[in-house]
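> My request is simple: use the sequences and hints to build the entire structure.
Sequence lines, in order, name chains A and B. Each residue of the first sequence is one higher than the one before, starting from 1066 at the first, in our numbering. Each residue of the second sequence is one higher than the one before, starting from 1066 at the first, in our numbering.
Please note that the accuracy of each hint is not assured.
One copy or two, either will do: identical chains are not told apart, so a pair holds if it fits within one copy or between any two.
[As the list claims (entries may be wrong)] As a list, the in silico DSSO-like pairs of lysine-lysine whose alpha-carbon atoms are at most 30 Å apart: (1) Lys1114 with Lys1363; (2) Lys1170 with Lys1476; (3) Lys1363 with Lys1410; (4) Lys1180 with Lys1471; (5) Lys1089 with Lys1450; (6) Lys1410 with Lys1124; (7) Lys1329 with Lys1396; (8) Lys1180 with Lys1170; (9) Lys1154 with Lys1383; (10) Lys1545 with Lys1534; (11) Lys1403 with Lys1114; (12) Lys1170 with Lys1154; (13) Lys1180 with Lys1154.
Note that these hints are calculated values from the structure, not bench results.
One-letter residues, chain by chain:
2 protein chains.
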Amino acid sequence: MAELKELTSSEDNYSQWYNDLVVKADLAENSAVRGCMVIKPYGYAIWEKMQAELDRMFKQTGHVNAYFPLFIPKSFFSKEAEHVEGFAKECAVVTHYRLRTNASKTGVEVDPAAKLEEELIVRPTSETIIWSTYKNWIQSYRDLPVLVNQWANVVRWEMRTRLFLRTTEFLWQEGHTAHATEQEAMQEAQRMLEVYSDFAENFMAMPVIKGIKSANERFAGATETFCIEAMMQDGKALQSGTSHFLGQNFAKAFDVQYINKENKLEYVWATSWGVSTRLMGALIMAHSDNNGLVLPPKLAPVQVVIVPIYKNDEQLQKISEKVNALVERLKALNISVKFDNSDNKKPGWKFAEYELKGVPVRLAIGARDLENGTVEIMRRDTLEKETVAFENIENNIVALLDEIQKNIFLKAFNFRASVTREVNSYEEFKVEIEKGGFLSAHWDGTSETEDKIKADTKATIRCIPLDRKEEKGICMVTGKRSEGRVLFARSY
Amino acid sequence: MAELKELTSSEDNYSQWYNDLVVKADLAENSAVRGCMVIKPYGYAIWEKMQAELDRMFKQTGHVNAYFPLFIPKSFFSKEAEHVEGFAKECAVVTHYRLRTNASKTGVEVDPAAKLEEELIVRPTSETIIWSTYKNWIQSYRDLPVLVNQWANVVRWEMRTRLFLRTTEFLWQEGHTAHATEQEAMQEAQRMLEVYSDFAENFMAMPVIKGIKSANERFAGATETFCIEAMMQDGKALQSGTSHFLGQNFAKAFDVQYINKENKLEYVWATSWGVSTRLMGALIMAHSDNNGLVLPPKLAPVQVVIVPIYKNDEQLQKISEKVNALVERLKALNISVKFDNSDNKKPGWKFAEYELKGVPVRLAIGARDLENGTVEIMRRDTLEKETVAFENIENNIVALLDEIQKNIFLKAFNFRASVTREVNSYEEFKVEIEKGGFLSAHWDGTSETEDKIKADTKATIRCIPLDRKEEKGICMVTGKRSEGRVLFARSY
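Shown next as C-alpha cells:
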C-alpha cells in the first residue's frame, strides 16, 4: 500500500509528479468520458472551501447569485462578432433530444426524428445567454447596476486535457454585471480583480501579479482583460483569474439599452469575471512537495490530525480520553480536526497518508507522552517535529496554523522573487526563458512582436503589471519604442 | 407599477396564479431556450438556503460531496435494462464537438467533420456514470460504505414545462451510496427519507406523507422507491423527494464487486436519493396566497423588512437612527433584515412588494411612532397588524418568526387533513377525485388496476404510507383482496 502511494519526484518529472499527486491524494481522476474528470470527495472538499470563501467575498461586495441555462442557441454565438471569432468553436453541440431502442434491441441509438431545429451549444461561458436575459431586466437607470454571479459547470472541447488545469468540463463561477456608466463598469472589473488577488494571496497563500492582458491574450469580446498571474514551482506561470471590462460590446450585440436620468436611451456597460477549478491545480502546484500536498490551513478540509500510538486497548483508551477532550476544545475554536484511531493501519502508514493529503498539523501521542504530559506536533510545510506540553496545546495549534499560512505564502513569494528578473536583449531572453520564471522585458506593444516571441520561445506576455515602474525603453526584439516592461513566461 | 404586480387570483385560475407569482415575485422566468428557466436572484437565494440546510443534514449523516461528469456515453444507458427501458429516452444528445464559420460568414454552423464516435448524453440522472466510477473505488469491504452526494444540473427533455415544477434543465442533489449488505443499504434509503421529511416539515413547513411507491411509479432500476408526498392548495399532490433502494442492479450492470470479510467476492448494494428545484414549486404552492408568496421564516432570504414613513429628511433621519440600532441587534440574533429607506417608492408600494415577496415580518415606523415609542408590526402569514412598543422589539420578533414557522405548518397540515378522506367504492372515488385531495382506498396491488384508475380518473397511487393502519379489505375496482389502503391523488 505504501508503495502504491509513492509519488514520482517533482525533479524527475514535474508533470508526472503533478498527475500522481492529484490521483494519489484522492483529489480527482479521469472519467470514462474523454477529457472530463471526477472530482473526488477530498478534492471537492477543498473546492467547497474555496467556493464558500469566494461566495462570501462576492456577497460582501454586493453581488447576488442566480442561475442561467446550460444550453445556448447556436445563433446567439454569431451576435458578438469578436466573441465568436476568438472563442466559441470547440464546443459540445446538442443536435437531438431523444434516444430509441435499436433494431436489435441490444441498446439505444439516437432517434433521427428528434432532431432540433436549431442546435444548442453547451455553455463554454455565459455572456450571450445572460445578456439576452438582461435585455428584459434592464429598462431604466433604476434597474442598474445588475450585480450577478453564477456557480456553474461549463464545457470547452479541449484536445489535450490535464486534471484540474484543462478539462473539457470544469466548474467555475462567472460574474456578469451591468452598469450605467463606463467608469462604474471599469471600477467593478478592477474591484473583482482585487477580490481575486485577496483570495489568492490570503486564502490560497499564493502570491499573484495583477495586470492587464495584451491584445493577443485578451478575452474574445472584452475591451480590457485584467488578470492575476501566479508562478508555479516548475517556473511556469498560471493564469488564476480574469476580470473583463466588456465595454458596450454585449449590450450592443443584444440590444440592451436603458433610459438614463436625462430620459435618453443609452447602451449598458458590462463586466464579466471568473475563476474555476483550475485554481485547484494552482493550489497544488504552488506549494506541494515530494511527500504530497501542502495545503494552506485556511483551505484544508482537515487542519489537524491526531494519531494515537499504542500497544494495547488500555493504552488506546487512555489516549482517547485525553484526545477526545482536546478534539472538543479544537472544534470550539473552529478548527477542523480528525482523530484517526482506526486499528487496521499502522501509525507510519497514517503519517505518510496525512502528509500526502497535506494536513497542516499532525499530533502523535503515545504511552510515554501520557506519562510525561507531552505530545509530538509536526507541521506539514517544513516537516519539523517537536515534543511539547499537552496542556493548552490548542493555543499552540492556533498560532501554528497561522504561522503555516504565512510561511507557505512567504516561501512561494520568495520563490517567485528568485525566478523573476529583468532581461534587456532578445539573446538574453532566449537563454533565460529556458530556465523558467518571469522575465520582465521591453516590448513594442504590437501583436506581431508578441507572436514572434511566442513562435521562437513558447513564451507569452502574461500581463502588463498594474504596478510596473515608469520606465520607457526599447523593444528587445524590434528596437522600437517601449512604454514599459511587461512580464513574459511560459505558462499552463 | 402596482398594476403590473397584480396576481391572477388562485381561485380564478390556480395555474395562472402560480405562474404569475413565480414571475412577479422575481423567482424565475422562462429563458430563450425552450423549457429551460432562469432562476432569478430572489428565487436563487431561497434555493441557496434550502441547499445549505440539506447539505448540513447530509454531512451530519456522514455524507461527503463529489462531482461526476455532465456527459454520459450512450452505451452506459444500455447496461441496466430496466433503467433504460423506463427512463432514459427523452435526453439531450451531444453529437458534435465543433462549430465553424458558415460559408456566407454570417454565423456559425456545426462542423460535420467533428462528429463524435459515440454520442454523449447530458445526464438525466447519474447512476450509470457514478457506478462505472465506483467500480474503481471499491475492492474490499474496507472501502465500504461509500456515502457520496452531488449537487448538479440535470436535463430531461420535457415536452410540457412549468417553471420549477417541470423544466428541461433543473438543479438538484443526487446521493449515490454503496454498501456491503442489503440491510445497510435499505437502512440508508430509509434514513435519507427521514432527512427529506425532516427538511420538508421543519424547514419548508410543509407536511409530507412518507411512503413507498407502487411498481408503476417506482424509479426505473430501483427495487424499492421511498417518497415524500405533499398536498398543494389546489388539491393536487406533489412528489417532493425520492429515496431508492437499488438492490444490486447497478452493481451487476457495472460489475462492482467487493471482497468481504470472509474473502469472498460479492456484489455491492446501492441506494440513490434526490430532491430538486421542484421543491421551490412545492414551497410556493404549499403556502402562498393572492397577495403573493408566504415564506417560512427558516427559508426566507429576508426575514424582517423595515419601512420608514416620513414627510421630510429630518423625520427620516430620526427614524433611521432608531432603526439602524435595531438592525444591528437583529443581525446579532442571526436574523436577516432589510431597512428599505429608498426614496423613489411610496410606503404603500413597498408594503405590497414585500407581501408579494413573502417577507415574514414587516415593521413600519413613522413620526407618531417616534413620539410614542411604538412600531407597527405585521406578520405575512395572517396579514395581522399590531402597534407595539419599540423597546425590546427584537424579542418580539424572535418569538413571532418562530410562531409564523409553526403556524404555516399547522395551516398546511390542517388543510391536508381537510382534503384527505377514505373512500370505499369506485363510484365514490370517481366523484371525490374531482374535488381533489388525497383519497385513501383499497387496491388489489396490481399494475393493471392502477393503470385503469389512472385512465379513468387521472389519479395515481401517490404512495403506500409507511404508517398506514392494519386493515385488510377489498379492492374498490376489482373486488379482489387488498392488503391495506393506499393514497391516491391527481398530482403535479
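> Next, verify each hint and record whether it holds.
Outcome of the hint check:
In this assembly of identical chains, the alpha carbons of lysine 1114 and lysine 1363 lie at most 30 Å apart whether taken from the same copy (8 Å) or from different copies (24 Å). Taking CA atoms no more than 30 Å apart as the test, lysine 1170 paired with lysine 1476 passes in neither setting, with 61 Å inside one copy and 52 Å between copies. Only within a single protomer do lysine 1363 and lysine 1410 lie at most 30 Å apart by alpha-carbon distance; the minimum there is 28 Å, versus 44 Å between protomers. Taking identical chains as interchangeable, the C-alpha atoms of lysine 1180 and lysine 1471 are never at most 30 Å apart, the minima being 57 Å within one chain and 50 Å between chains.
Taking CA atoms no more than 30 Å apart as the test, lysine 1089 paired with lysine 1450 passes inside one copy only; the shortest distance there is 24 Å, against 62 Å between copies. Within a single copy, lysine 1410 and lysine 1124 get their C-alpha atoms only as close as 44 Å, which misses the 30 Å cut-off; across copies the closest is 25 Å, which meets it. Taking the shortest alpha-carbon separations for lysine 1329 and lysine 1396, neither the intra-copy value of 58 Å nor the inter-copy value of 41 Å comes in at or below 30 Å. Proximity of lysine 1180 to lysine 1170 under the C-alpha cut-off of 30 Å is found in both arrangements, the shortest distances being 22 Å within a copy and 24 Å between copies.
Taking identical chains as interchangeable, the C-alpha atoms of lysine 1154 and lysine 1383 are never at most 30 Å apart, the minima being 64 Å within one chain and 59 Å between chains. Taking the shortest Cα distances, lysine 1545 and lysine 1534 sit within 30 Å of each other inside one copy (19 Å), while across copies they are farther apart (91 Å). For the identical chains of this complex, lysine 1403 and lysine 1114 are neighbours both inside a copy (17 Å) and across copies (28 Å), given an alpha-carbon limit of 30 Å. Taking CA atoms no more than 30 Å apart as the test, lysine 1170 paired with lysine 1154 passes between copies only; the shortest distance there is 14 Å, against 36 Å inside one copy.
Within a single copy, lysine 1180 and lysine 1154 get their C-alpha atoms as close as 21 Å, and across copies as close as 14 Å, so both meet the 30 Å cut-off.
Checked against the numbered hints listed earlier, the structure breaks hints 2, 4, 7 and 9; every other hint is satisfied.
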